[in-house]
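Trainee: Take a look at the letters that make up each chain.
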Amino acid sequence: MGKSVRRMSVVAGAIALALGGCGSKHDDSTIVIGVVTAQTGVLASYDQPSLAGFRMSIDEINARGGLGGKHPVKLLVRDTRSDTATTAAAAQELVDEGAKIMITPCDADPSIVAGQVTQPAGVPTLTFCGSSPILPGAVGDMMFTTYPTDNLQAAALAKHAYETGLRKVYLLVSPDTTYTSGLPEYFGKVFTNLGGTVVGKGSFSMNQPDFSVAVTTIRNLKEQPDLIMTAAYEPDFPAFVRQLRAAGVTTPVFGADALGTPTIAGLGELANGVVFTSAGCATPGSKLEAFNQQFNKVTGHLPSSAYEVNGYEIGLLLDAAVKSATSMSGPAIRDALDNLENFEAVTGTITYRGTQRIPVRSVALLRYEGGKAQCLQSVTPAASEIPAPL
Amino acid sequence: MLLQHVVNAISLGGIYALLALGLAIVFSIVGLINFAHGELMTIAGYTTLGALLFGVPFPAAVLLAIATTAVAAMAMERIAFRPMRGASVTSLLLTSFAVSALLKVIFQNGLSARPQPLAMPQWMTGSYQVGNVAIGVGPTISIVISVVALVGLELFLRRTVTGTAMRAAAEDFPVVRLMGIAAGRVIATAFALSGVLAGIAALLWVAQRASVDPLMGAVPVVKAFIATVVGGLGSLPGAVVGGLLLGAIEIGLDAVLPPSVVPYRDAFVLSGVILILLFRPQGVIPAATVRRG
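Line by line, the protein sequences are chains A and B. Numbering of the first sequence is given in this note's numbering, commencing with residue 2 and proceeding in unit increments. Numbering of the second sequence is given in this note's numbering, commencing with residue 1130 and proceeding in unit increments.
Just so you know, these hints were derived from the structure itself, not from any lab. A couple of the hints might just be wrong.
[Said to hold, decoys possible] So the derived label-pair ranges between C-beta atoms look like this:
#1 A:Q93 to B:P1415: 30 to 38 Å
#2 A:P121 to B:L1223: 23 to 31 Å
#3 B:Y1393 to A:N297: 30 to 38 Å
#4 A:Q378 to B:E1283: 57 to 65 Å
#5 A:E61 to B:Q1258: 54 to 62 Å
[Said to hold, decoys possible] Some chain A residues close to chain B (C-beta under 8 Å, calculated; not the full set):
#6 D177
#7 S204
#8 S206
#9 Q209
#10 D211
#11 S213
#12 P236
#13 A248
#14 T251
#15 T252
#16 E370
Even glycine gets a Cβ: it sits at the ideal position worked out from N, Cα and C.
Use the sequences and the hints to build the structure in full.
Mentor: Here it is as structure tokens:
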């Protein structure tokens, strides 16, 4: 009896060895990445494509042996349903389950609550495409933004507007999020510095599709603006532009990166002339175009926006950070990420060194014509042109 | 500018009135505040979208959407609310929340979490001149359709047997049943009518917002609820007045408040609602009901 038990244990050990020591490898070198993002609800339009790109890069990285070539990634994904409280709970859950790195939604508020969980736990945290420049400062040294921030986008847009001869802007803001309130304010600042004027400012409540008063006000402005700038996005932006054009106002509308979605493109004629920003522009022969083709091959459809490539680049950034990190501890990975300089990503180079965890990178400007986004130019505003975070 | 605001107020108020009326018809007969009413709008939106994608001509798509919504409302009653008949107002309310949450998740996971653009025909997006002010075609259509729908409903309630039975049921359901009118038919008709009204309101709502998404019913149903409470819960004329009043208050505040305060408009609106209810606790036009001890 005793003999058979020993034999069995030998057999069991052999099986374990034959399986390549999966168990022990999992414990030592696997990195768990927690993804608490909105796969349903209002933020899903941004978090879904971001996650698709991120998954693609993690799959490629795992095929190469993992982050830094030796740390396979295990993704733990939770849907926050675009709810801030759920985001906090899910982040706590994933930290408890051993997440070493955390990815948070495309918005400042849920990212901040998730950051309040990950910051004390020493877990480096990256927001998918949350673009508020105050985000890293609001949370602490573990929090990174990845997308071109609001003030950077606004600087690029304002410069473009001024250079194309537009001089008078009407700003439409909503205090409901930092994105919808901050971005137009940054735009106004840069635009006035350049010599333009803000002829008026209106506000709206998100998710209330009646823009009739805002539109009537704009129509009846004594001094008609050359352009209207807003950071409204879906479902508010379609409602606004629909009612604006219905009232016969043909003033060009400038928006920000959240307009780079199939919903806005699907507005067709209605969105004609709308200028917006993006992380990159897929010009023929560019790395981004190659990425788009590869994404198509992997998922069966082309990327719907620039959020896919941004999610993909987050994987690349983590890979580079882990490669140069002194250990696999959260703070060591954080330090390595914070020191990345001129990292060659897909849309261009990305630098974190000395930037307070806000990436320095280029901003692409695009314009809708006939339901298609056309590249205008790629801009890297100088540090002096970027307004300080509000 | 004032005329434009007035047109906007009537147009928005008209949509609220249609929605509030849908809630009120059902409430007056079965004592249910149907919070899944918003999801009926979502169904109308997606049906229109789907029909247009399949190349159905616009007028047919509109009729199809309204018919589908009416059927969906009746199905909702059959599946979720009939087993609860006679339950307390609270149980019914919770059931309607459950139906609403369930449908939202089904739309999100089954269709798409993203808003889908839905372009209304070009002729609906223009504007025309009256004197020196431009009036939008959209708001005008919205007002005309609201009026036609309200008049149509009034005729139905006054001139048909079922309509008369429904008005009677709203006041005293047991007596209507004693008169030999089938309760099931009255209730099903009430839901079908609320579906038709939700369908019409949804199309006007979608025409404004140019997209359909799984959560699009959430805001309007709350507005409709406020309107029915202001007008007088269960009172049909009250729902119409409540809806128009709410639209007028919202547009009025938007126009009058300084831009920095406008985002907090809803706080003012709700304060106004509390004020109205302080003076008229049963609503502006209270429902006429027979109460038995």
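Trainee: Hint by hint, say whether it matches the structure.
Mentor: Hint-by-hint comparison with the structure:
Judged by the Cβ atoms, the range 30 to 38 Å given for Q93 (chain A) and P1415 (chain B) is violated: they are separated by roughly 49 Å. For the hinted restraint 23 to 31 Å between P121 (chain A) and L1223 (chain B), the CB-CB distance of approximately 38 Å leaves it violated. Between Y1393 (chain B) and N297 (chain A) the CB atoms are about 46 Å apart, so this pair departs from the stated range of 30 to 38 Å. Against the hinted window of 57 to 65 Å, the Cβ-Cβ separation of Q378 (chain A) and E1283 (chain B) comes to about 59 Å, which satisfies the hint.
Between E61 (chain A) and Q1258 (chain B) the beta carbon distance is about 60 Å. The supplied range of 54 to 62 Å therefore holds. Checking D177 (chain A) against chain B by beta carbon gives a least distance of about 7 Å; that is within 8 Å, so the hint holds. Satisfaction of the interface hint for S204 (chain A) is found here, the shortest Cβ-Cβ separation to chain B being roughly 5 Å, below the 8 Å cut-off. Interface restraint check for S206 (chain A): the shortest CB-CB distance to chain B comes to about 5 Å, inside 8 Å, so the restraint holds.
Hint status for Q209 (chain A): holds, given a least beta-carbon distance of 6 Å to chain B, under 8 Å. The criterion of a C-beta within 8 Å of any C-beta in chain B is met by D211 (chain A), whose closest approach is roughly 5 Å, and the hint holds. Taken as an interface hint, S213 (chain A) checks out: its beta carbon lies about 4 Å from the nearest beta carbon of chain B, inside 8 Å. For P236 (chain A), the interface hint holds, the least distance from its beta-carbon to any beta-carbon of chain B being 5 Å, beneath 8 Å.
At about 6 Å, the closest approach between the beta carbon of A248 (chain A) and any beta carbon in chain B falls short of 8 Å, and the interface hint on this residue holds. Hint status for T251 (chain A) relative to chain B: violated, with the closest Cβ pair at about 12 Å, above 8 Å. With 8 Å as the threshold, the beta carbon of T252 (chain A) stays out of range of chain B, its nearest partner Cβ sitting at about 14 Å, so the hint is violated. For E370 (chain A), the interface hint is violated, since its Cβ never comes within 8 Å of a Cβ in chain B; the closest pair sits about 16 Å apart.
Hints 1, 2, 3, 14, 15 and 16 from the earlier list are contradicted by this structure; the remaining hints agree with it.
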